[in-house]
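There are 2 protein chains.
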Amino acid sequence: METHLQQQLEALKSALLRMASLVEEQIARAITVLVERDFELCEQVIRGDQPIDAMELEIDDQCIRLLALQHPIARDLRFVAASMKITIDLERMGDIAVNIAKKTRKLSGMPHLKPLIDLPRMAALSQSMVKDSLNAFVRGDEQLAMDVCARDEEVNQLQDQIFQELVACMVEDSGSVPQALQLIFISRHIERLGDHATNIAEGVVYFSEGRVIKHHGTDDPNQSPTRPVSGGPA
Amino acid sequence: METHLQQQLEALKSALLRMASLVEEQIARAITVLVERDFELCEQVIRGDQPIDAMELEIDDQCIRLLALQHPIARDLRFVAASMKITIDLERMGDIAVNIAKKTRKLSGMPHLKPLIDLPRMAALSQSMVKDSLNAFVRGDEQLAMDVCARDEEVNQLQDQIFQELVACMVEDSGSVPQALQLIFISRHIERLGDHATNIAEGVVYFSEGRVIKHHGTDDPNQSPTRPVSGGPA
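Protein chains in written order, with my numbering: chain A, 1 to 234; chain B, 1 to 234.
Keep in mind that the hints are not guaranteed to be accurate.
Repeated chains share a single entry, so a pair holds when one copy, or any two copies, can fit it.
In silico DSBU-like pairs for lysine-lysine, Cα to Cα no more than 35 Å straight-line [claimed, not checked]: (1) LYS131 - LYS85; (2) LYS13 - LYS106; (3) LYS13 - LYS85; (4) LYS85 - LYS106.
Source of the hints: derived by calculation from the structure; they are not laboratory data.
Bound-form chain A, shown alone (with noise of 0.2 Å):
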């Protein structure tokens, strides 16, 4: 039979999925949204935040209940306090979901720039690291997760290239510099989901096995300049 602390963490542990495939769906719209020009989808994201926001207060509410009446201990305890920090991520990943959304349609009517080429490959990137740092959250994907945190520094460079670029464009014709900045933002907004994505990876090694990798990566997040929220400072 079932304990009451395991059918409460197994209803967390729904909420937070609910919570992260609501994330997903809007970081794919927004991403539609940047990559098609699919303006008419913008509001569809924008309304589409409120929900998270309520679920992340709902999840809090949650883990403080179950502490306080269940006092779990180890893995248990350690799964709950790092829900209570997935939800952080998950909320700004809805934040920034909007972010791309509002960004993009300040490009309506002015014409591609190239290095949107690079973006939606970029944005894919992001995208399969905030889909595998979730996979990796619901399985208890260890090995998934390390993956995730070892995939940031690609998305890193790729950003340190779009911007690099679009320099190079406003310094050629300042007539780009509107469009020109409106892309390096939205670049930083998806350099910022894979950061994310890092942080919700970091958080399911911990509870995993209590190991802190957090602060602790291979790479040095000193020697990129474009990583802004993260473990590191950029």
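Go by the hints and put chain B onto chain A.
Positioned in the frame of chain A, the structure of chain B alone reads:
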């Protein structure tokens, strides 16, 4: 006589205060680097990040042990939960200080652009929000916490203004692009300090009375095109 729970809560509070004071020092140094172009201080800011990262992990451990062994309830439990969230904001503020210092270093040798006049003002505002959010946390001062949240809008407005000015510079003189871009990034970092201060202030209201003000601000964050990190999307 103090119970074990009270002792451990006090120890947790002390640890958070030590972490907060390290972060405040780092921010103050980074802003000195920016305002006085004191590039020698830069290395000190970069080195100063590691102890903050270490404290985040230590405090998380402390919280987990406290939850496992002391079973805090009600306000005490909310305090521990809020602490685990506050360390995330503190750690990221530490990263932001490093980012500000590094991006300022890239300005080395370039002449000042006009918008730097407003950046120190914006920096001072964000810095006061950080200070007050931490004071509010120490004293459990809910009124001060609400006041911090209200000030975030002013920082956002200043950032919009600086952004517009810098775009105008870039369009007018393409030679200013690299420098103007760094200033835009710096202003975004400073704005995010305000966002993190707001997160901490929301946490104070939460653990003081279990009331959630997150995602329920009076201002509409969607109105601001420049709010990338905090509770509301930009």
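We went through each hint and held it up to the structure:
1. LYS131 - LYS85: Classified as both: same-chain Cα gap 17 Å, cross-chain 24 Å, threshold 35 Å.
2. LYS13 - LYS106: Classified as neither: same-chain Cα gap 37 Å, cross-chain 45 Å, threshold 35 Å.
3. LYS13 - LYS85: both (13 Å within a copy, 19 Å between copies)
4. LYS85 - LYS106: both (32 Å within a copy, 33 Å between copies)
Checked against the numbered hints above, the structure breaks only hint 2 and satisfies the rest.
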